[in-house]
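Undergrad: Here's the letter readout for the chains.
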Amino acid sequence: MSDAKARIPSIWTTGWTDQLRTGTWRNAVAVHKKRGAPCHGACPVEGEIPLWVRQMREGDSLGAWQTLVAHNPLPAVVGRTCHHPCETGCNRNDYDGAVSINALEQYLGDLAIQEDWALPAPEAELESRVAVVGAGPAGLSCAYHLRRRGFRVALYDANPELGGVLRYGVPEYRLPRKVLAAEVKRIVALGVEVVAGRALSARDLPELEENFAAVFIAFGAQAPKMLPQFPRDDRRVMGGLAFLRLVAKADPPELGAEVLVIGGGSVAMDVAGCALRLGSRVRVVSLESREALPATAEEVEDALLEGATLIDAAMVKEVEEAQGGRLKLRCLKAELDPAAPAGAIWPLEVAGSDFELLADTVILAVGQDPELADWQESVELQGRLVKVDRRFMTSRPGLFAAGDLASDQRLVSVAIGDGKRAAGCIADYLQGGKRDRPKAETEAKTAAEATEETNAEAEAEAEGPEVAFSDINTFYFPKKEPRQREKVAACERSSDFREIKLGFNPARAALQAERCFSCGACTKCDNCFYFCPDMAIVKDPSLPLQYQVLDQYCKGCGCCLAECPRGAVSAKEESK
Amino acid sequence: MSYQIEEQKVFNSGHSACPGCSEALAIRFILNTLGPDTIAVVPPSCIAIISGPQPLSSMRIPVYQSTLESSAASAAGIKRALTAQGNDHTTVVAIAGDGGTYDIGFQSLSSAAERGEDIIYICLDNEGYMNTGSQKSSATPSLAYTTSTPAGKGTPKKNMAEIMAAHDIPYLATATTGYPEDLARKVAKAQRLTGGLRFIVALVPCLDGWGIPDSAGPKVSRLAVESGVFPLYEVENGVNYTLNFGPKDVPVADYTALQKRYRHLTAKDQEFLQKEVDGNWARLAKKF
Ligand SMILES: Cc1cc2nc3c(=O)[nH]c(=O)nc-3n(C[C@H](O)[C@H](O)[C@H](O)COP(=O)(O)OP(=O)(O)OC[C@H]3O[C@@H](n4cnc5c(N)ncnc54)[C@H](O)[C@@H]3O)c2cc1C
Ligand SMILES: Cc1ncc(C[n+]2csc(CCOP(=O)(O)OP(=O)(O)O)c2C)c(N)n1
Ligand code: SF4
Ligand SMILES: [Mg+2]
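Chains as they are written, first to last, in this note's numbering: chain A, 1 to 576; chain B, 1 to 288.
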């Protein structure tokens, strides 16, 4: 042996380089790390959008729906009514157009109704009982999330049918009743005790508190704001929500030929759409100019397409009796004072711009407030809202609140998201949970502020910074045309209340799901593995993230970061 | 989309390539495709550095370090010796830099191709004599800075692929590290098509020599293809041309913008480069 060894010239190889620790060269190491996607960050329900879109893309519709309903029990409803900030935030906007997330949500929601998929049964059966007052989206969401955790839930509502504004406000042509009914039924089927047709007041609180371990109130904002120019108790002047409620009950009022809708928000556009379908001529008078209307561009466009006329940047000065039982509105053009603080509207009259409008019916859609007269003795208020702390608790221990009565955001998604988070806080309150109890010194916050903070906290601890478009390696994503839902032609809409937006068919849904980058979420594409010149990443299917970075070899070049299509690999600085 | 590449473990971790080196990435897919029944010939170059440091090797196969002039001749000799011993299975591959291919080792390569030597010759083209400090070679493109062309190179890059095609060899391909599956496929094909010299020229961005970030090798490589600077194609028997990845309307300026070796370019220079690339592509496109 020593003979053979002696014969090996020194220029011959005696071993392999893998005994060298070239990892010592680096100052940062690659780590596989889930990062937040902007769609998720923008979603008030925190609905794990990239995950369910991916499940859908991989052909697992049931799994996708289950992910969806782990957060939001009303996907078919929200898929129709949400203002989808997820799409506004979508990284694909900077490339070839946002993923049509909202349409995909509707698609899965509708599929679940069609296939009669059931919600997962409660994790446990607990003793504690919780009363939920108000079965709008906030109450339904809270009841659902409490029930999933195993609490016994009684759900009270003043109306005979559940859904709140979704049932008695949003018109049938935007949200068919049978869709809402199917999703509500599924929640109730989890074992929620429903007490419908019973209005509760603050006077009922002691009784509720005696029978329930916690109480959640979400009775919304139903009281119309009125304008002093208009006569009260005149059947020709009505509130927008009251009008929509009658339409929803299939008992629409006589409107006459000429209808004026006052307001420029979403409710005004719904009122206009319904009045048009009931056969009246409709003009919408708004203080804001068309570009600045609070209603979304799509809502305005739809109302105009269906035949409404918009009289924007105008204000009603006086209302008089006119011939033929009509009302005469004396109006002026108005400009908004740019010096007004954010959120406030200070109209400036334009001199000499007077004009008159005649109406058989005037419908005021200038906002709603919660009806709190009855409650101010029992809970602390903040302006026109119920004051809650960051855990959604009111000033009264054990009494929680969310939705329109505690937030001025007035969105279905916010109501559902806050309902979900409130359920978590109620559970913590009842079970002495891990989360911090509301601290006495914590300054009380509105629900919206509270939500923002809990989101930010959770995100910072679990994930790296949100994925930006610049983190996406677009080489791996050929451009693909974005598609949104099609709509029934405007000329065919005015005759009835049939739904106007047409959901995706399976092929289109699959095509759009394909477009998602899966921002920040590893899809096991192996790019990090293949692009490492040092073979410092190995595949190990037993690991949760499948890949292991070999400390002794990673030189910290960052090729895996750059070649990850979706920003799911990060660099961790190391100091030596 | 994800890559599917079969790898056999021949190339080792712990090698001494710079962090992010595209040449090391190319060697990975070359050796791990060819497999353990391979003998490599490596002349002086970064490849030789990456294969070292003596007495350790990053390549789990026999490697012979030839002179810079003689890689093709050495490989041919080894192959003939194996054949004489009755070994008809071992692959012999020469892996050389552009200096060792376009310039110094050119005569031995050309004559080995002409003789129909049964070897694979792979040129890892980083467009300069990089391990000796970034001097120009005849593979350095127009206007690029090197330490020996401080004002930018005044002559265009030699068209090595077309020169080798003119030898009517059984197989020739261009490849680059931003397309690893394509590279591995071409190596496997070269291994299969025995009976003559098979030649692959692979563009491998040099992080230090080109002035690009450690993580940007694959990206720059793809931009070279998408801008038409370095189209990926194959030629069989000197005549059958197949385009794999051609230009995608990406301006050459997008490619040069990422590289410090081009940072002195004026708008006129950019225009000049664009014209040159367009002209080369027009000439090549006719052959597909
Ligand atoms: C016409 C209209 C259209 C809208 N369209 C959209 C839209 O397209 N997209 C969007 O995001 N948002 C929309 N919004 C806003 C959205 O509907 C609300 O923000 C959301 O419904 C608030 O949910 P909530 O659960 O807090 O209240 P609500 O939906 O108002 O539900 C409150 C529930 O409490 C019940 N209740 C009230 N008082 C009592 C009581 N005393 N005792 C027991 N029960 C009581 C009510 O019957 C009701 O069921 C719209 C609002 C309106 C008015
Ligand atoms: C005949 C000869 N001249 C010069 C050298 C010095 N030398 C060693 S490596 C090298 C650079 C080779 O460049 P290239 O082939 O492009 O390989 P790279 O370093 O760029 O990978 C030179 C000039 C040599 N070894 N032999
Ligand atoms: S591409 Fe997908 S994951 Fe990324 S923001 Fe858009 S929907 Fe969300
Ligand atoms: Mg070189």
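Quick caveat, the hints were computed from the structure, so don't treat them as lab data. Backbone N, C-alpha and C define an ideal beta-carbon position, used for all residues, glycine too. Check before you lean on any hint, since a few could be wrong.
[Unchecked claim] With the C-beta cut set under 10 Å, the calculated list includes, among others, these residues of chain A facing chain B:
| no. | residue |
| --- | --- |
| 1 | Ser470 |
| 2 | Asn473 |
| 3 | Lys555 |
| 4 | Cys560 |
[Unchecked claim] Straight-line distance between alpha carbons at most 27 Å, and here's what the computed DSSO-like set of lysine-lysine pairs gives:
| no. | chain 1 | residue 1 | chain 2 | residue 2 |
| --- | --- | --- | --- | --- |
| 5 | A | Lys572 | B | Lys248 |
| 6 | A | Lys480 | B | Lys260 |
| 7 | A | Lys33 | A | Lys539 |
| 8 | B | Lys260 | B | Lys275 |
[Unchecked claim] Here chain B is said to cover these stretches of chain A; the calculated rule only asks that three of the stretch's residues, wherever they fall, bring their Cβ under 8 Å from a Cβ of chain B:
| no. | segment |
| --- | --- |
| 9 | 18 to 29 |
| 10 | 138 to 148 |
| 11 | 516 to 530 |
Undergrad: All hints, please: hold or fail.
TA: Hints, verified against the model:
1. Ser470: 13 Å, violated
2. Asn473: Since chain B brings a Cβ to about 8 Å from asparagine 473 of chain A, closer than 10 Å, the hint holds.
3. Lys555: The hint holds - lysine 555 of chain A has a Cβ within 10 Å of chain B, the shortest such distance being about 4 Å.
4. Cys560: Nearest chain B Cβ about 8 Å off; hint holds.
5. A/Lys572 - B/Lys248: This hinted pair is violated, its Cα atoms lying about 35 Å apart.
6. A/Lys480 - B/Lys260: Violated, at about 34 Å.
7. A/Lys33 - A/Lys539: 15 Å, holds
8. B/Lys260 - B/Lys275: 21 Å, holds
9. 18 to 29: Result for this restraint: holds, n = 7.
10. 138 to 148: It is violated, with 0 qualifying residues against the three required.
11. 516 to 530: holds (count 4)
Consistency with the previously given hints fails for numbers 1, 5, 6, 10, ordered from lowest to highest.
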